[in-house]
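Visitor: Sequence:
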Amino acid sequence: MRVNKSTIRRTGLILAVLMCFMSLSGCYSVMGTSNSGSTIVQQESAPYVDTGEADSAVAEDAIQEDDGERAYVLYFPNEDYTRLTVEVAYKAAAEGKSREETAIDLLLAGPSSDDLRPVFGEGVKVTRYEQSLDLMNIYFTPELLNMSDEDILRAQAAVANTLTELGEIKRVAFFCDGRLIRVGNQPLMPGQAIQEELDAYIMSKLIDQFMLPEEITQREVVLYFTDANKRYMLPETRTVRFTSDDNADYILDALFRGPSSTEYLSASVSFKLEEGQKTAVSRDGRGYATVEVPLSQDYATDFAEFDKQRTLELGAIVYSLTGSIDQVRDVKFICNGERVLMDELDVNGDGRLSRLDFLDYVGNRLVLYYPDKQMTGLQKIQRIISCNSYHDIDMRLQELLKGPSKIGISSSEGNLTWPVDTATQMPGFTTKVEEDILYIDFDSSFYNLCVNSLTQQQEEYLTVYAIVNTMTEVTGIRRVAFLRDGQPVETLKGNIRLSEPLMRNPGVILNSGTGER
Numbered sequence: 001m002r003v004n005k006s007t008i009r010r011t012g013l014i015l016a017v018l019m020c021f022m023s024l025s026g027c028y029s030v031m032g033t034s035n036s037g038s039t040i041v042q043q044e045s046a047p048y049v050d051t052g053e054a055d056s057a058v059a060e061d062a063i064q065e066d067d068g069e070r071a072y073v074l075y076f077p078n079e080d081y082t083r084l085t086v087e088v089a090y091k092a093a094a095e096g097k098s099r100e101e102t103a104i105d106l107l108l109a110g111p112s113s114d115d116l117r118p119v120f121g122e123g124v125k126v127t128r129y130e131q132s133l134d135l136m137n138i139y140f141t142p143e144l145l146n147m148s149d150e151d152i153l154r155a156q157a158a159v160a161n162t163l164t165e166l167g168e169i170k171r172v173a174f175f176c177d178g179r180l181i182r183v184g185n186q187p188l189m190p191g192q193a194i195q196e197e198l199d200a201y202i203m204s205k206l207i208d209q210f211m212l213p214e215e216i217t218q219r220e221v222v223l224y225f226t227d228a229n230k231r232y233m234l235p236e237t238r239t240v241r242f243t244s245d246d247n248a249d250y251i252l253d254a255l256f257r258g259p260s261s262t263e264y265l266s267a268s269v270s271f272k273l274e275e276g277q278k279t280a281v282s283r284d285g286r287g288y289a290t291v292e293v294p295l296s297q298d299y300a301t302d303f304a305e306f307d308k309q310r311t312l313e314l315g316a317i318v319y320s321l322t323g324s325i326d327q328v329r330d331v332k333f334i335c336n337g338e339r340v341l342m343d344e345l346d347v348n349g350d351g352r353l354s355r356l357d358f359l360d361y362v363g364n365r366l367v368l369y370y371p372d373k374q375m376t377g378l379q380k381i382q383r384i385i386s387c388n389s390y391h392d393i394d395m396r397l398q399e400l401l402k403g404p405s406k407i408g409i410s411s412s413e414g415n416l417t418w419p420v421d422t423a424t425q426m427p428g429f430t431t432k433v434e435e436d437i438l439y440i441d442f443d444s445s446f447y448n449l450c451v452n453s454l455t456q457q458q459e460e461y462l463t464v465y466a467i468v469n470t471m472t473e474v475t476g477i478r479r480v481a482f483l484r485d486g487q488p489v490e491t492l493k494g495n496i497r498l499s500e501p502l503m504r505n506p507g508v509i510l511n512s513g514t515g516e517r
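Residues 1 to 517 in the working numbering are what the sequence shown lists, from first letter to last.
Keep in mind that the hints are not guaranteed to be accurate.
Below, computed lysine-lysine pairings styled on DSS-like, alpha-carbon distance capped at 25 Å [as the list claims (entries may be wrong)]:
#	residue 1	residue 2
1	LYS308	LYS332
2	LYS402	LYS432
3	LYS91	LYS432
4	LYS402	LYS373
5	LYS125	LYS170
Note that these hints are calculated values from the structure, not bench results.
Please model the entire structure based on the sequences and the hints provided.
Guide: So, in structure tokens, the structure goes:
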């Protein structure tokens, strides 16, 4: 059997690196710096994420709320940075802030115990949160770049594990100055073996120098597609094969193939690249990168008719590239060697588009519940809204009160109704969250509408639980209380008692498409 000499050379070099790495494993360490300036030694022998019984007990106790404050299960590095350890903190709900944002604020503030170490370096702050489906993009101030790669990986792990305790987030990505800060297998999944990830990261650095140009590797990336109604961009995680981390053509090829799931997503782009041309990644002296994307002549000339669909198409490319290739801050679209004019988006006039140009076009999934027309139960439907308003409780309730006819029900969802005509006469209301209870204070017009509109006991029952089930989709809200002009309410029309906060009722939810519970 004949073996290629380059294969022998490459295999031998990699084996040599592996043997060297393994021989040092007993004394191998990763260096970090504590806030006090002392050097921290990372021992390989201990697992990084602490799953011991003590921490599990602490996490279970965290569901107990304290005097109007919410409990947060936070993860901080222990004293010698060998594992993440649970600390429970209590904090009252902040006006206009989600539980996820509050949890990150608590991580930024640092642990209360002297036995734990901070997650972030001095001066690090968050400038923006972007939650879309199960992905949380977090944008940091430049101070994040003062942290070492190993410290950033630990921070990703602490954030990912902290956010997954809240229920919605499964993946976390860090951005700084519009660029993806990727260490290890980004975006990081909660519970991932952090020590193994550190080992793999250091090993990859050693092996990379021996990789031949044609070597193929694969990595998880986040691609963005438009939602079915072509109003917003949504993320989808995909495994993509590369021959080079800078090769943007692999990202675009996966993007042009369309989403693997069509439940909410549709193909994002309707054009092709210029025939025979490839993308190019250029980096400046500071490490910032720009991807040049060559558009076909036909597509470029159509920019005179700039519309939202074109904006979403370009945004999907920009978000996919900047969220997948290290240090890429912007994308430049060219045609025949010249930049394509897009004055409506290119506010700086330099031909480069960044994530900042598309912040209003990232969406998230909103869940609403409506009764079916036969009044047998509640049907769950999903709408895509701007991620900027996803945590806006008032907006969520207002969307529900518009009724199915006002929010664009498709033919497959057409068997829905809303017994109270709140779309024609939208009632006034205010909301307040205390502990796990959402208080909805409707004005008298809502209750008057209910008295005049609800003719059956089942209509009243499903109207109440449509509100309760919709609002308990919000992380941290477990019960809903009804008020009238600030005073407790006994009932809507005498058939269901409202004097105590109501918990979610999964028993009234119909199976999608079957009409059965």
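Visitor: Take the C-alpha atoms of LYS308 and LYS332, compute the straight-line distance between them, and say whether it is at most 25 Å.
Guide: Cα-Cα ~19 Å, so holds.
Visitor: For a C-alpha distance cap of 25 Å, please report whether LYS91 and LYS432 respect it.
Guide: 16 Å, holds
Visitor: Taking 25 Å as the top limit, are the C-alpha atoms of LYS125 and LYS170 close enough?
Guide: 22 Å, holds
Visitor: Assess, step by step, whether the Cα of LYS402 is no farther than 25 Å from the Cα of LYS373, and give holds or violated.
Guide: Status holds; Cα separation ~16 Å.
Visitor: Checking one constraint from the list: CA of LYS402 to CA of LYS432, max 25 Å. Satisfied?
Guide: Judged against 25 Å, a Cα distance of about 21 Å means the pair holds.
Hint violations for this structure: none, all hints satisfied.
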